[in-house]
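Chains as they are written, first to last, in my numbering: chain A, 1 to 59; chain B, 1 to 268.
To be clear, the hints were calculated from the coordinates, so they are not data collected in a lab. For each residue, glycine too, the CB sits at the ideal point set by N, CA and C. Treat the hints with care, since some could be wrong.
Okay, the calculated beta carbon distance ranges per label pair [claimed, not checked]:
#1 A:HIS39 to B:ILE209: 27 to 33 Å
#2 A:GLU41 to B:ILE209: 31 to 37 Å
#3 A:PHE30 to B:GLY92: 37 to 43 Å
#4 B:GLN169 to A:MET19: 30 to 36 Å
If you want a taste of the chain B side facing chain A, the calculated C-beta under 8 Å gives, among others [as the list claims (entries may be wrong)]:
#5 ILE34
#6 ALA94
#7 LEU167
#8 LEU194
#9 PRO195
#10 ALA206
#11 GLU219
#12 ILE222
Stretches of chain A that chain B covers, calculated by requiring three or more beta carbons in the stretch to come under 8 Å of a beta carbon on chain B [said to hold, decoys possible]:
#13 19 to 25
#14 28 to 37
#15 46 to 56
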Amino acid sequence: MNTASVSLGASVSSQSRFMQLALAALLGTFIIGFVGFSHIEAVHNAGHDNRHSMAFPCH
Amino acid sequence: MNLFRNVVFIAAIAGLVAGVVLACMQAYATVPLILKAEVYEQAEGGYSHDHAAAPTGAASGNAMSSAAPAANSMSAATPAPAAAAAPAEDQGWAPADGFERFAFNVVSNVVTGIGFALILVAVSEFAGGIGNWRQGVFWGLAGFAIFTLAPGLGLPPELPAMPAADLTQRQIWWVATVIATAIGLGLIAFRKSLPLAILAVALIVAPHIVGAPQPDSFETPIPEGLHHQFVVAVTLTNLVFWLVLGAVVGVVRGRFTGTATSLRDSFA
Numbered sequence: 001m002n003t004a005s006v007s008l009g010a011s012v013s014s015q016s017r018f019m020q021l022a023l024a025a026l027l028g029t030f031i032i033g034f035v036g037f038s039h040i041e042a043v044h045n046a047g048h049d050n051r052h053s054m055a056f057p058c059h
Numbered sequence: 001m002n003l004f005r006n007v008v009f010i011a012a013i014a015g016l017v018a019g020v021v022l023a024c025m026q027a028y029a030t031v032p033l034i035l036k037a038e039v040y041e042q043a044e045g046g047y048s049h050d051h052a053a054a055p056t057g058a059a060s061g062n063a064m065s066s067a068a069p070a071a072n073s074m075s076a077a078t079p080a081p082a083a084a085a086a087p088a089e090d091q092g093w094a095p096a097d098g099f100e101r102f103a104f105n106v107v108s109n110v111v112t113g114i115g116f117a118l119i120l121v122a123v124s125e126f127a128g129g130i131g132n133w134r135q136g137v138f139w140g141l142a143g144f145a146i147f148t149l150a151p152g153l154g155l156p157p158e159l160p161a162m163p164a165a166d167l168t169q170r171q172i173w174w175v176a177t178v179i180a181t182a183i184g185l186g187l188i189a190f191r192k193s194l195p196l197a198i199l200a201v202a203l204i205v206a207p208h209i210v211g212a213p214q215p216d217s218f219e220t221p222i223p224e225g226l227h228h229q230f231v232v233a234v235t236l237t238n239l240v241f242w243l244v245l246g247a248v249v250g251v252v253r254g255r256f257t258g259t260a261t262s263l264r265d266s267f268a
């Protein structure tokens with residue numbers, strides 16, 4: 001990777017780097033899943049307009 | 001966990017900015033259309049009880065026996081007075097119309113923005129990172145194609161009271177389409193191989209050959225024009241959201257690293 005010198009946290013080992021980035025992506029997926037895909041009624045109603053406007057499957 | 005902390009910090013700022021921008025656009029572009037559709041949704045509840053022009057509480061009370069077939073799928077199982085009082089699908093707590101509803105919409109947009117930003121930043125770091133706002137715009141275009149365009153082809157943005165297939169099946173199709181499109185675009189952008197590019201096209205097309213889950217009936221009280229307007233508004237607001245999200249990630253990340261690689265260096 002010729003761009004490694006300008007990457008974030010370039011000093012960490014590649015394995016740790018992978019784990020931390022994977023963890024961040026997993027956290028993001030979890031957040032989207034909760035806001036956009038949760039079947040809990042109150043969560044659905046709170047984010048109702050957002051769900052429709054983001055074209056998440058709704059109702 | 002230094003890297004993780006940096007990723008979360010950048011994603012939080014980008015998600016906050018893009019989420020607030022999106023919520024403001026929605027307040028003018030999409031939410032008024034949703035409110036209009038909810039009027040049709042409530043009127044639809046009235047149609048099935050009484051064919052008088054103005055549905056009243058008294059009229060809806062005696063009407064379950066004469067409910068029109070197929071007109072209202074949601075409220076058919078619930079007692080009629082409840083359907084007359086509230087939008088058909090509403091059960092349990094919901095924010096009050098007006099400021100409370102707007103505030104909750106802003107919050108959900110910011111949270112959604114942070115979620116998408118986390119995925120965007122993490123994935124782009126694997127590819128060398130978003131060096132500046134211009135690279136961010138390109139990453140934003142990819143995010144728009146993956147999360148809005150591709151699933152929107154099979155499952156166009158819906159307004160309330162529009163017919164739709166089983167929710168879980170649609171969610172599975174949505175997620176599968178997003179993953180297939182993301183892998184496809186990734187192969188095209190980062191692998192200089194013709195066979196892999198062909199595989200990428202196949203991956204992007206495959207979910208649409210399988211086809212999105214469709215409702216049994218397309219009958220809806222929502223006018224075609226209103227729905228079309230909504231599809232355009234959702235698509236454009238999401239485009240701007242993704243461009244802003246990517247650009248802000250590029251700017252904030254540039255502050256962190258202090259340097260900016262050119263798009264040409266990292267992309268091709």
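Does the nearest C-beta of chain A fall within a distance shorter than 8 Å of the C-beta of B:ALA94? Constraint on B:ALA94 satisfied, holds at 4 Å.
Claimed coverage, the stretch 46 to 56 of chain A by chain B - three or more beta carbons nearer than 8 Å: holds (count 11)
Interface hint compliance - B:ILE222 to chain A, C-beta minimum distance less than 8 Å: violated (12 Å)
Interface hint for B:LEU167, Cβ within 8 Å of any Cβ on chain A: holds (6 Å)
Hint check: is the beta carbon of B:ILE34 less than 8 Å from a beta carbon of chain A? holds (5 Å)
Taking the Cβ atom of B:GLN169 and the Cβ atom of A:MET19, is their distance within the range 30 to 36 Å? holds (33 Å)
Agreement of hint B:PRO195 with chain A interface, Cβ distance less than 8 Å: This hint is violated: B:PRO195 lies away from chain A, its Cβ roughly 24 Å from the closest one there, beyond 8 Å.
Verdict on chain B covering the stretch 28 to 37 of chain A, where coverage means 3 or more residues with a C-beta closer than 8 Å: holds (count 8)
Determine whether the Cβ-Cβ distance between A:PHE30 and B:GLY92 falls within the hinted range of 37 to 43 Å. violated (23 Å)
Does the beta carbon distance between A:GLU41 and B:ILE209 stay inside 31 to 37 Å, or does it fall outside? holds (35 Å)
Does the stretch 19 to 25 of chain A contain three or more residues whose Cβ lies closer than 8 Å to a Cβ of chain B? Contact hint for the stretch 19 to 25 of chain A vs chain B: holds, 6 residues under 8 Å.
Can B:GLU219 be said to touch chain A, with a Cβ gap under 8 Å? violated (16 Å)
Going through the hint list in order, the structure does not satisfy hints 3, 8, 9, 10, 11 and 12.
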